[in-house]
Every structure is written in C-alpha cells, then in structure tokens.
Amino acid sequence: MTDEPVSAPDRSYGSIQAGEEASFSRVIDASVVATFATLTGDFNPLHMDGVYAATTQFGERVAHGMLVASYFSTLVGMYLPGRRAVFLSQDVRFAKPVRLGERITFRGRVRRKTDSLKMLDLDTWALNDAGEEVVRGRAQVMVLS
Amino acid sequence: MNRLCGLVAEILGVDVGEVNPETGPLVLPPWDSLNHMRLVAAIEETYSVQLTTDEITNVLSVSDFATLLRERGVRVD
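For the record, the sequence lines run as chains A and B.
Its first residue numbered 686, the first sequence is counted upward by one per residue in the numbering used here.
Its first residue numbered 5, the second sequence is counted upward by one per residue in the numbering used here.
Mixed in with the good hints, there may be bad ones.
One side only, chain A facing chain B, incomplete, derived with CB under 10 Å [said to hold, decoys possible]: (1) Ser716; (2) Val771; (3) Ser774; (4) Asp776; (5) Arg796; (6) Thr799; (7) Asp800; (8) Ser801; (9) Lys803; (10) Arg823; (11) Met827.
Hint data in this document are derived by calculation from the structure and do not stem from the laboratory.
The model shown is predicted, which means the values in this text are computed figures rather than measured ones.
Cβ coordinates follow ideal geometry from the N, Cα and C atoms, glycine included.
Sequences and hints are given; from them, build the entire structure.
Okay, here's the thing in structure tokens:
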C-alpha cells in the first residue's frame with residue numbers, strides 16, 4: 686500500500702521555514718520486507734526466517750534497519766521539501782527493532798537553513814505507535830531553484 | 005593555504021586564482037550545496053579527518069575549512 690501524495694509539493698527554498706515539520710506513516714509488513722530483500726539481496730535470516738529469528742534475542746523477524754531508514758527518502762523527496770529536493774547526506778542511528786506489521790511514522794523537521802547554499806538541515810525520526818524512536822537521523826538537502 | 009585553495013579550485017572546477025581564504029558560496033557560484041558536499045569529502049580524504057554534521061553545515065569559506073583542519077592538528081599550508 687502506498688500513501689505518498691500523487692505529486693510532491695513544489696516548494697521554493699524561500700518558502701520553507703526553520704522549524705517546519707512534515708510526517709507520514711507506513712505499515713512495515715512481511716511483503717514490504719520481502720520486496721526490500723529482493724531489491725537489495727539482503728536475505729539475512731533475522732529478517733526472512735521466522736524459525737531462526739525466534740532463536741535470537743529478538744524472538745521474531747524484524748525489518749531491515751535500512752528499509753526503515755529508506756523512508757527518509759520519501760520524506761525528503763515527497764514531503765519536505767518535496768519536488769525540488771536533492772538529497773545530499775543522511776546520518777542514521779537504529780534505536781529499536783521494528784517488528785513485522787508495525788506502523789511507523791516518519792517525521793522531519795527543518796533544524797536550520799543555510800541560505801548561501803540553499804541547503805536544509807533536517808532532523809529525521811521514525812517512531813512506532815508507542816511513540817518510541819526506532820530510527821533517528823539527520824539529513825542535508827539542497828532545494829533546487 | 006595554497007594547497008587547500010588548490011583543492012577547492014579543483015573540486016569546484018575553477019582557476020586557482022579565483023580562490024582565496026575568503027572564498028565561499030556567496031562569492032563563487034559553483035560552490036553550491038552539491039559541490040559543498042564534494043568539497044567536504046575531498047578535504048576529509050586529503051587531510052585524513054572527519055568533520056561533524058554541525059561543522060559541515062556551518063563552514064562557509066575556505067578559511068572556515070582551514071580553521072577546522074588546524075583544530076585537528078593539521079598544518080594548513
């Protein structure tokens with residue numbers, strides 16, 4: 686299931702304010718995990734083999750951390766800033782595992798703007814329904830003229 | 005600071021004569037945010053240092069880069 690906007694907002698650098706936020710949610714289910722494994726070739730059994738995963742400290746399959754973090758691309762490219770975004774860098778920290786079927790909310794906030802570079806510095810988070818941070822990061826994004 | 009200016013000129017694709025310690029994105033159009041990140045990568049590799057995210061977003065001139073390098077014990081010549 687996809688819930689991205691049909692088209693990304695066409696925001697100029699000047700129209701974006703420090704402190705501005707955007708967010709969207711997505712369920713990370715087995716089909717998403719399988720698609721990501723096929724796309725990347727990462728079939729690690731912690732993500733793909735329930736029997737194996739049950740023997741680990743996690744007790745069940747968990748989503749790839751990079752799968753969860755990859756939605757920061759959606760956040761930047763489709764929400765904040767949207768159409769004019771050029772992703773320059775992204776730091777990520779995996780804070781908690783994401784179990785299959787969890788609904789995750791991805792949120793970004795403009796931490797600061799660097800006018801001379803037309804660059805946004807964003808704080809980025811992925812939160813579960815309990816409000817716990819599962820991935821956190823920071824992104825730098827150029828806004829095309 | 006000739007070596008650092010030369011590196012900046014090489015990454016930005018400009019004549020080294022266009023680069024001095026005060027050069028930054030406000031005065032040199034090729035210094036956009038994409039090239040800013042390329043500059044950071046080249047400087048980190050050339051001088052074997054790693055800049056923090058805050059430093060990367062705050063540095064806005066050749067002399068700012070030189071200051072960060074000197075803070076890490078790098079001789080900037």
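Closest C-beta approach of methionine 827 (chain A) to chain B relative to 10 Å, hint status | Since chain B brings a Cβ to about 4 Å from methionine 827 (chain A), closer than 10 Å, the hint holds.
Double-check serine 716 (chain A) for me: the hint is only fine if its C-beta lies closer than 10 Å to a C-beta in chain B.
-> Constraint on serine 716 (chain A) not satisfied, violated at 34 Å.
Could you check if valine 771 (chain A) really has its C-beta closer than 10 Å to a C-beta on chain B?
-> Nearest chain B Cβ about 7 Å off; hint holds.
Holds or violated: aspartate 776 (chain A) as interface residue toward chain B, Cβ cutoff 10 Å?
-> holds, 6 Å
Please verify that hint: serine 774 (chain A), Cβ, nearest Cβ of chain B, below 10 Å or not.
-> holds, 6 Å
Residue hint lysine 803 (chain A), partner chain B, criterion CB-CB below 10 Å | It holds, given that the least Cβ distance between lysine 803 (chain A) and chain B is near 6 Å, below 10 Å.
Against chain B, is arginine 796 (chain A) within 10 Å by beta-carbon distance?
-> Since the shortest Cβ distance to chain B is 9 Å, the answer is holds.
Proposed interface contact between arginine 823 (chain A) and chain B, which counts if any beta carbon pair is under 10 Å = holds, 6 Å
Threonine 799 (chain A) as chain B interface residue, shortest Cβ-Cβ below 10 Å | Interface hint status for threonine 799 (chain A): holds (6 Å vs cutoff 10 Å).
Restraint outcome when aspartate 800 (chain A) is required to lie within 10 Å of chain B by C-beta distance | With a minimum Cβ separation of about 9 Å from chain B (threshold 10 Å), the hint on aspartate 800 (chain A) holds.
Status of the serine 801 (chain A) interface restraint (C-beta, 10 Å, chain B) | holds, 4 Å
The structure fails to meet hint 1 from the earlier list, while all remaining hints are met.
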